[in-house]
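Using the sequences and the hints, build the whole thing.
Just so you know, the sequences run in chain order A and B. If you're matching positions, the first sequence starts at 0 in numbering that gives the first Met the number 0 and goes up one per residue. If you're matching positions, the second sequence starts at 0 in numbering that gives the first Met the number 0 and goes up one per residue.
By construction, these hints were calculated from the structure, which means they are not laboratory data. Treat the hints with caution; some may be incorrect.
What the hints assert, rightly or not - If you anchor each label on the Cβ, the simulated ranges turn out as follows:
1. A/R236 / B/A296: 31 to 39 angstroms
2. A/Q26 / B/T4: 23 to 31 angstroms
3. A/R1 / B/I33: 33 to 41 angstroms
4. B/R183 / A/R214: 53 to 61 angstroms
Said to hold, decoys possible - Beyond 10 angstroms from chain A on every Cβ pair, some chain B residues (computed):
5. A7
6. R16
7. S20
8. D35
9. R175
10. Q198
11. N206
12. V219
Claimed, not checked - So, partial list: chain B residues that the calculated Cβ filter (under 7 angstroms) puts toward chain A:
13. S54
14. S76
15. V100
16. L103
17. H121
18. R224
19. Q257
Note that beta-carbon positions come from the ideal geometry of N, C-alpha and C, so glycine has one too.
Letter by letter, the chains look like this.
Protein chains: 2
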Amino acid sequence: MRRPTLEAVAARAGVSRATASRVVNGQTTVAPDIRDAVLRAIDELGYVPNSAARSLVTQRTDSIALVVSEPGNRVFSEDPMFSTAIRSASVELEAVNKQVVLMLVSSPKSHARVERYIAGGHVDGVMLLSMHGADPLPSALSRLRVPVVSYGRPAVPVDIPYVDNDNVGGAEAGVRHLVESGRRRIATIAGPQDMIAGQDRLAGYRNVLRDSDRRSIVAVGDFTRESGAVAMRQLLRDDPELDAVFVANDLMAVGALQSLRQAGRRVPDDVAVVGFDDIEAAKYTEPPLTTLRHPIAEQAAAMVRLLLNLFEGGPTDPVILPTELVIRESA
Amino acid sequence: MRRPTLEAVAARAGVSRATASRVVNGQTTVAPDIRDAVLRAIDELGYVPNSAARSLVTQRTDSIALVVSEPGNRVFSEDPMFSTAIRSASVELEAVNKQVVLMLVSSPKSHARVERYIAGGHVDGVMLLSMHGADPLPSALSRLRVPVVSYGRPAVPVDIPYVDNDNVGGAEAGVRHLVESGRRRIATIAGPQDMIAGQDRLAGYRNVLRDSDRRSIVAVGDFTRESGAVAMRQLLRDDPELDAVFVANDLMAVGALQSLRQAGRRVPDDVAVVGFDDIEAAKYTEPPLTTLRHPIAEQAAAMVRLLLNLFEGGPTDPVILPTELVIRESA
DNA sequence: ATCTCTTGAGAGAGCGCTCTCTTAGTCACC
DNA sequence: GGTGACTAAGAGAGCGCTCTCTCAAGAGAT
Chain A
0 MRRPTLEAVA
10 ARAGVSRATA
20 SRVVNGQTTV
30 APDIRDAVLR
40 AIDELGYVPN
50 SAARSLVTQR
60 TDSIALVVSE
70 PGNRVFSEDP
80 MFSTAIRSAS
90 VELEAVNKQV
100 VLMLVSSPKS
110 HARVERYIAG
120 GHVDGVMLLS
130 MHGADPLPSA
140 LSRLRVPVVS
150 YGRPAVPVDI
160 PYVDNDNVGG
170 AEAGVRHLVE
180 SGRRRIATIA
190 GPQDMIAGQD
200 RLAGYRNVLR
210 DSDRRSIVAV
220 GDFTRESGAV
230 AMRQLLRDDP
240 ELDAVFVAND
250 LMAVGALQSL
260 RQAGRRVPDD
270 VAVVGFDDIE
280 AAKYTEPPLT
290 TLRHPIAEQA
300 AAMVRLLLNL
310 FEGGPTDPVI
320 LPTELVIRES
330 A
Chain B
0 MRRPTLEAVA
10 ARAGVSRATA
20 SRVVNGQTTV
30 APDIRDAVLR
40 AIDELGYVPN
50 SAARSLVTQR
60 TDSIALVVSE
70 PGNRVFSEDP
80 MFSTAIRSAS
90 VELEAVNKQV
100 VLMLVSSPKS
110 HARVERYIAG
120 GHVDGVMLLS
130 MHGADPLPSA
140 LSRLRVPVVS
150 YGRPAVPVDI
160 PYVDNDNVGG
170 AEAGVRHLVE
180 SGRRRIATIA
190 GPQDMIAGQD
200 RLAGYRNVLR
210 DSDRRSIVAV
220 GDFTRESGAV
230 AMRQLLRDDP
240 ELDAVFVAND
250 LMAVGALQSL
260 RQAGRRVPDD
270 VAVVGFDDIE
280 AAKYTEPPLT
290 TLRHPIAEQA
300 AAMVRLLLNL
310 FEGGPTDPVI
320 LPTELVIRES
330 A
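Right, dumping it as structure tokens:
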């Protein structure tokens, strides 16, 4: 007992397969009564078009790959940024009747797998999420002549449309806030320097310090809570007198707050802390975190729009979304 | 300039399409020299099999749908449980060369979409994640005669293999820990009662209280941080004398800790708090959270195995994984 | 030397659909 | 009434692949 085919529908409705196909695809050149007969047959048989057959001839799959180059170290599971972006992209694509195929890339082996999969024509386009600098995927995919867009500016200069937030401007605003509130020794916990977000946020920090004759005090983390805690301890050793720290993401800021607490420093009295991302958890830290909000869902939605533009020939210029300083209690 | 077909490979290697196909699919009945010639042709042309054509004839897609019935209210983005399960399932499936198609269900409209998609033969099987009691999907899918497994026991009695953790036993262990440490007035913040995890964890709480002549004090949340904060405030109003609270998940526990702090209660001195899930953030709360760990990744892996068994005729009995009490500082 | 058996390779049908081409039919207009 | 324009429906090719069936060639048995 297999699934009914278009042939069966046509037979039941007493028309040709071509006409049945026209009805299924919503063409208007079918007489109303015939149309109704076909629809009735579809309903009675519970017909659903076979997608493989359809894409074989149309050369489209209506599926989009969402490739997440995850940094491996549990960031994917912990950083709500990923799920928020995935969710938003998924909802946006759903609205235009496209399906999301999620691919997580971790090992070089899965790299090859992703490439093969995409080369195999499973998907009409690719959305790339958060790759590291050395990620070979952007160039590999653009070589395959598959439509590709990126969430975040690609690290290598490759001609892929992308959406990013204003990392530099956001970091500048955060550090400026610390300067303006009279902090003298402002350290930073930077993100991984093989990621654009890590680089740009550090650049923003440096820009402001340079203009305000303070010296920079830098520790580097990898965007995980744990690395934030470690980096904070190191900063306190390097400069026990520091009175502020700009942390490149909220997850690391949570770790930093814990280290500060353990070191007996009060926040914000002794040390002011500014994070980046404004994840939900930032409202629930002790004290609640001052941080930079950027619209993750909008960014994902803009990325989807970019991809659709790529299909339909619309504008594909890079999109940069603004950040906003959210002042809570930590600074 | 389209992608090379098997025909092209065969022509270049000077063999028939059938032989080329045999090589591509790793059949052994091909002479070594011919085999090499075909492989060379594949390499030179950059041939990748067209998946639509292949599944049209094989009736397989090697894709599995991961359907997440999300509760809508941002839980998906915030609760690391989802990402952890998704990630684990994805890795496990990758190992057996299957692809994950992620489908988020929120509106009733997307319900229909998911059903159509699955009925359309896009996937070979379905994994269901976290559905509410009223979720019509389990029965709808099992009616489609598509292999389905569930992450978490389905709320309706439907014959679907599933993997769950021992919610009742875990809750009992958590509450027993509070009883044994001498707490007298033990409240609970329960999860949504249309979810099995919510029901079972509340049942575990009640089981232990019943056996220890304490009365139960219940507030209900929806597994979000915010709802945990609200529920905690309500509990403090209902019974200002309470000295412990068992919270049905860590996210709500984080909210509860904040409310306790705002109400001037010390944890664990005045009020002991036990959570459930042992998410990464539980280590970083103030104070660190005592909670019940259950192996989310293993649960997802077990679900994948169950699905593969469904394909290959292996055992498909429900799997229940144990929980473990992790004692930190909050209780 | 003939026959059977095995092995390796080709021929070709067909998976379910779309879409172009063709044809039949209707209507309008001179 | 004949011609042309247009509409609605059918015929059939073909998307790229797998897989059964068939066949040729060589090995081994009689």
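Structure-based check of each hint:
Range check, A/R236 to B/A296: Cβ separation about 35 angstroms, and the 31 to 39 angstroms hint holds. A beta carbon spacing of about 29 angstroms between A/Q26 and B/T4 agrees with the range 23 to 31 angstroms that was offered as a hint. For A/R1 and B/I33, the Cβ-Cβ distance of about 36 angstroms falls inside the hinted range of 33 to 41 angstroms, so the restraint holds. Checked against the given bound of 53 to 61 angstroms, the beta carbons of B/R183 and A/R214, roughly 56 angstroms apart, stay inside it.
Distance check for B/A7 against chain A: the nearest CB is about 15 angstroms away, which clears 10 angstroms, and the non-interface claim stands. Non-interface status of B/R16 relative to chain A is upheld: no Cβ of that chain comes within 10 angstroms, the nearest being about 16 angstroms off. Under the 10 angstroms C-beta cut-off, the non-interface status given to B/S20 relative to chain A holds; the minimum distance is some 15 angstroms. Residue-level check passed: B/D35 sits 21 angstroms from the nearest beta carbon of chain A, beyond 10 angstroms.
Taking the minimum C-beta to C-beta distance to chain A, about 28 angstroms, the non-interface status of B/R175 holds against the 10 angstroms cut. Its beta-carbon lying about 25 angstroms from the closest one in chain A, B/Q198 satisfies the requirement of being farther than 10 angstroms from that chain. No Cβ of chain A comes within 10 angstroms of the Cβ of B/N206; the nearest lies about 30 angstroms off, and the non-interface call holds. Against the 10 angstroms criterion, B/V219 stays outside the reach of chain A, whose nearest CB is about 20 angstroms from its own CB.
Satisfaction of the interface hint for B/S54 is found here, the shortest Cβ-Cβ separation to chain A being roughly 4 angstroms, below the 7 angstroms cut-off. The closest approach between the C-beta of B/S76 and any C-beta of chain A is roughly 4 angstroms, which is under the 7 angstroms cut-off, so the hint is satisfied. With its C-beta approaching chain A no nearer than about 5 angstroms, B/V100 sits inside the 7 angstroms limit, and its interface hint holds. At its closest, the beta carbon of B/L103 sits 5 angstroms from a beta carbon of chain A; the interface hint therefore holds under the 7 angstroms criterion.
For B/H121, the interface hint holds, since its Cβ comes within 7 angstroms of a Cβ in chain A; the closest pair sits about 5 angstroms apart. Because the smallest distance between the Cβ of B/R224 and any Cβ of chain A comes to about 6 angstroms, under 7 angstroms, the interface hint for this residue holds. Contact between B/Q257 and chain A, as hinted, is supported at the beta carbon level, the nearest pair being about 5 angstroms apart and thus within 7 angstroms.
Of the numbered hints stated above, none is contradicted by the structure.
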